[in-house]
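K.L.:
If you read the sequences in order, they're chains A and B.
Per the working numbering, numbering of the first sequence is gapless, rising by one per residue and ending at 282.
Per the working numbering, numbering of the second sequence is gapless, rising by one per residue and ending at 488.
Some chain A residues flagged as far from chain B (calculated, every beta-carbon gap over 10 Å):
id, residue
1, I195
2, C210
3, L216
4, A237
5, K243
6, E255
Cut-off 20 Å, straight-line C-alpha distance, at most; resulting in silico cross-link-like pairs (SDA-like, lysine to any residue):
id, chain 1, residue 1, chain 2, residue 2
7, A, K53, B, K485
8, A, K97, B, Q358
9, A, K125, B, R299
10, A, K148, A, A109
11, A, K53, B, P353
12, A, K125, B, R342
None of these hints come from the bench; they were simulated from the model.
On a predicted model such as this, the values are computed, not experimentally measured, just so you know.
Virtual Cβ for every residue (Gly too), placed ideally from N, Cα, C.
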Amino acid sequence: MNAMEIKDLCKSYSGFTLDHLHLTLPSGCIMGLVGENGAGKSTTMKLILDMIKRDSGTITVLGKDNRDNFRLTKEDIGVVLDVVGIPSCLNARQVGKIMKYTFHNWDDAAYFAYLRKLSIPENKKFQDFSRGMKMKLGIAVALSHRAKLLLLDEATSGLDPVVRDEILDIFSEFTREESHAVLISSHIVSDLEKICDYIAFLHKGKLLLCEEKDRLREQYTIVHCTTEALCKIPSSAIKGIKKNAYGVEAIVQKEKVPAGIRTSPASIEELFIFMAKGEDAK
Amino acid sequence: MRGLLIKDLYLICKYGRAFILIVAVFIVVSFMGDGNMFFISYPCIISGLLPMTLIAYDERDKWDMYAGGLPYTKTQLVCGKYVIGLSMSVLVLAAIAIAEAFRMHNAQVFAVSSYLNLLLLLFSISLLVPSLMLPFVFKFGAEKGRVIYYVIIALTCVGSTAFVRTGTNITIFVSNAGIYSVLAASIFLYVMSWLLSVCFYKKREI
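Just chain A, same shape as in the assembly:
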């Protein structure tokens, strides 16, 4: 079963269009949504949560259309947005009390265990938290009501590397259960590379690709050559080019690279940057 399916999703604002987005997140998987500022990541999250109206397309979350009694479906969704949204005058204990009467499946013991695990003070006001601490509280709430799907919009930004690693481990742990899934957007591609099973590239409202992370690594490579040598590679196999004083670098499909051309492995971040720039150059 798929935890989430997005088909042909469109949404237009003045100056921005989310253009026929297709995404499928299988259960038990983590999908990373990569994109620059304004690529449409937050718009996609808001559309999934039905916080904004889509122009067309369908969104199915945990097997149900997200316009069909979505309140009940949201019982099974944990959400962390880039701005956490907890009232600044409340402390973690009070937040727990509010959530206890918000989620039917709220697990007080799990919540306080996460507070301890993530070193979140129970009685300190939210406004006195650091950004990282605020994120951690949002994550603790999202994980404490037996959610099946986590929607995380820039949930690791602002966290120091040690805490980020700790949080990423928690997300990986979360998807050990087959019925769980995570959709996470982030600027920090290395984070996504670390934990995601699928990677989706969003650029200026368009989905450049959505693929299994391991297949991306297997499929693509960076070639370092001259412009003339690059001409030997079919243009359909080239996903992005960067020119410099010494020649060209390009992301290409591994199998289409002729012998004799120097290659190096492509990271997800490089792949995204090349593809985004290639798209801009069109």
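Knowing the structure of chain A, use the given hints to seat chain B on it.
P.N.:
Just chain B, lined up with the frame of chain A:
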């Protein structure tokens, strides 16, 4: 919806201290005075403003966005504000009712019908402010909705001044003003406002 109400109660406890103090001062002043309508009605007006204040704090903290990801419908999010506003208005009215009963008794002007009429009038006043303001706030947000607040305050000041200039005694007014019609109109307006706010908020993109 219980979680929403608990959250708003926490916010009132934290941010509403000035509100509680103002209400207390006005009630004490009205208790010591001669039934001046301004001192009695002002706490009702500001209690009606509480939901708008709560919405402004929600928007500042981005709670409105966060709540969109919680298992609440937009209807519940709107209803939470109307319920908390109504509850606070009733509480303030109860405090005024006790103070007014003592004042009227001490001044030996206590009459059950005029006392009840006064309370019904005050209740109508407390419904009026949120009825007029909340639909705008739910449609445009607290920042733009504040314009409506200033318009209402200006109208209240003009109305109060005009009322004082007529030299009308409040006791006479409440016994002769067709208070039940005023109450019915206020309740109707409140219900319409509630439905309109739900309609506006459902269409609003957060």
